[in-house]
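Number of protein chains: 2
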Amino acid sequence: MALAPVLLQMSPDDNVAIVGNAGGLPLGAVLPDGTTLIDAVPQAHKVTLSAIAQGEPVRRYGVVIGYATQDLAAGRWVHDRLLSMPAAPGLTDLPKATRTAATGAAMQVPDTVARATFMGYRNPDGSVGTRNLLGITTTVQCVAGVLANAMTRITQELLPKYPNVDGAVALDHAYGCGVAIDAPDAIIPIRTVRNISLNPNFGGELMVVSLGCEKLQPERLLPLGSIPVAAVSDGACEVPGLDVVRLQDNQHLGFQAMIQAIVDAADRHLQRLNTRRREPVPISELVVGVQCGGSDALSGVTANPLVGRVTDWLVGAGATVMFSENTEVRDAVDQLTARAATVEVADAIVRELAWYDAYLQRGQVDRSANTTPGNKAGGLSNITEKAMGSIVKSGHRAIDHVLSPGEKLKPTQKGLVFAATPASDFICGTLQLAAGMNLHLFTTGRGTPYGLAECPVLKIATRTDLANRWHDLMDVNAGCIADGECTLDEMALTLFTLMVDVASGRRKSWAEHWGLHNQRVLFNPAPIT
Amino acid sequence: MALAPVLLQMSPDDNVAIVGNAGGLPLGAVLPDGTTLIDAVPQAHKVTLSAIAQGEPVRRYGVVIGYATQDLAAGRWVHDRLLSMPAAPGLTDLPKATRTAATGAAMQVPDTVARATFMGYRNPDGSVGTRNLLGITTTVQCVAGVLANAMTRITQELLPKYPNVDGAVALDHAYGCGVAIDAPDAIIPIRTVRNISLNPNFGGELMVVSLGCEKLQPERLLPLGSIPVAAVSDGACEVPGLDVVRLQDNQHLGFQAMIQAIVDAADRHLQRLNTRRREPVPISELVVGVQCGGSDALSGVTANPLVGRVTDWLVGAGATVMFSENTEVRDAVDQLTARAATVEVADAIVRELAWYDAYLQRGQVDRSANTTPGNKAGGLSNITEKAMGSIVKSGHRAIDHVLSPGEKLKPTQKGLVFAATPASDFICGTLQLAAGMNLHLFTTGRGTPYGLAECPVLKIATRTDLANRWHDLMDVNAGCIADGECTLDEMALTLFTLMVDVASGRRKSWAEHWGLHNQRVLFNPAPIT
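Heads up: the protein sequence lines correspond to chains A and B, in order.
The first sequence begins at 95 in our numbering and counts up by one.
The second sequence begins at 95 in our numbering and counts up by one.
Copies of the same chain look alike in the list, so a pair counts if it fits in one copy or across any two.
For lysine to aspartate or glutamate, the following EDC-like pairs were computed, each having C-alpha atoms within a straight-line distance of at most 20 Å: (1) 470 to 276; (2) 502 to 438; (3) 470 to 313; (4) 470 to 343; (5) 470 to 133.
By construction, these hints were calculated from the structure, which means they are not laboratory data.
Work the whole structure out from these sequences, hints included.
Okay, here's the thing in structure tokens:
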């Protein structure tokens, strides 16, 4: 039986397309236009639709993703050695806030989305949690071993007493001492640790474990003036002020006394958390972080467009969606600045990407350091092609706000947000947590078991093969779009329904089911000492 | 009852001394020379022994630790605001390998030390372990959640079957992807992860958990040519070559299959580790990493000189001692280059410290970013004073070798080693593990519950108050030296005996007893992406 070739062309003027067939296409396969393949082409890899002369542009997504390094006949496999990377677009003379609002049927928010509610936990600061977790903040890595020990008791002795609490998370990290805490860039890790402790899923309870002599003193980590008052006083603590267990304090006579002090403090917070109940809240209270990792060429064809559609719906319904990953948007900077809601937003996008260019240059690299062996094996030839597939997650609406790394959304900041973070999965996720994410969408083509303790993560496979093999890790299979067995709109509704169920606590993501937790990894561009 | 003042003067030409009394000394207290205190002086803080005019040098350890910012009468408390910091010494025109060998009674190695043996695990590569641990190496943070899940089964189901194995350690880390892996400085985190997996306490067994698409591929992490062959073949694996569980491999159908593959691989390694037995080995097989953290002004008076004495003995007996902490030796660079065994070693010291100066400068800070609020509260006014107390740990012998961050000692490299690392406790410890440490000495004045899963850590308190309060965290109390209740030699023998017992597995450190494990924190001066 001859294989029916599935070709995925993103834009009418593209001169390459992606092979959708699960097993790829063999040499000699005949394409719908009669072209015969002169190479075998793996799934998700590019094939030339017409002859491309050496030095001529190769187009995908309607964008030049590189130049042919030799003459390419029609029907050739375009792997990364046949493509030279374009220079990064400049950061001057960009179009700013020039694009008219996207319209058309795809931008219509379905009624089921616009009117949707989910069952969330309302917080004193106006945010809404999707989980009811005790987060125990730490000022310094020194206390991590002691806190881990206390967590065993908290989990075994306390949590069973408080059935309305979903869990407890030790917010340990590698920062806090042995770092140049007054360096200009130190603000990034400091505010990240601070803002993670204020994530909506921790219900405004603040409990801190400190050593005592560390550079990042509790008062510096969480200056009371900067924190919503309800989070630390207003009945939230016996004594108004920060609830700190400081291991070096004289009253702790030995290790068990330290553990007991932590367990006692946790007990007080858990009692309060246990009184909370879910209530119906409008869908606009979702703060969704979108990310991709272990990408392949189908990421930009199936899973990322799926996320983009849901992003368009959610933002249209008044919710907040954050996209990130500086090096994966850098080559599309002109698209982003054009989509900025205002010139100020466009300028902020340029400011963040210029800062990141300089940061990479200090380390003698550029954005091309992003791509992985897995990306290339998966058909992504370079960062330009990867970026075009990555930004699809951000949909088509205007970009309303920009966050620097570790910054937190203000309660008034709704809509589409560019949270400027590195593309590293764990660092991006950590910074989106700090920004206030309460639900996380993660697309993957190669496959990753990524998960966070602080927030539900829904993982979306770009291809059916991965979804089948990792049947108990992938929450959604976007591969059916490439297979022709579902439409993007159908899958978007399926994904949206799952998001509401998971946000409401009626369902768990697979990562939650198995308790898969990646480290919070801080972005610290400042020196350590 | 009048308090008998205890003053600790480090060098005869010092014009300040440290108050040893546990509660400090009150205003009006009369010093042995008749001077009356005109300030109350806390314990471990400095007091002027004679008048010092504004701009004149203040001397401790026979070294200028700063200049008086105003006229200081005799009997004044010299806190950090009264002292301006000296400029860092230059890195040119330094004395190189000029010092004659230290002699004198203190340098005589006691027979009990010179002839000592401990019960260790001999490894195929010639190194000796003090513990018999399964280390499971990872290429990337993505796999951390899956491995943590597998570790629960390994700990509960497998370890009880293998009583000769001391434990299993998941060597997860924040590196491996989302990083500029070809940046010039990326070699540091890569070789650190590699060399930790080759630490003597893992017995030469190499087991790797990989995702599949990550930048740090197993073959790049552990290129077979660079690894002692015995570690990966020679019966150590069913199939010669690296033992890798790659989660994205097609044979893993779902999460439980991945877990089972890891557990099965661990079982094979544990079977071999379980056949190993301790045997008597000469004391020269110890590879001791020394470090201080949460220091106070007594660190340089009690605990660090104690460690320095043991260092002199151990190195004299043919063992290896590593000292580290770039920013805490920077101000003493001239002492170190003079003590270098050869001009090449002196040049290597200068090379490392110059590299670190430039690294700090890139982030717009210098070595003065090192000191912490706790240091200052503990009496250390600035990094110069802190450095003079810190290098005391290195004793008095010639410096034989220098390691760059993450490098591993060659089997032939014995003696006193400057392992050039940041001073951050966890990063220094991580890099000393990579260098091949099999026993860790850690001095502290403010107190830290620091511990490592990979290697026993003995913690030494600088003062009796801390040792009393943290009775089940501090392994040794060097405070008795300041109290006049023990001599340095007595305590050095006590510490040495404890080291032999712990290295032999007859005793556990407190950190081991409680299972206190800090994260391995990598030093990555290269950008992330």
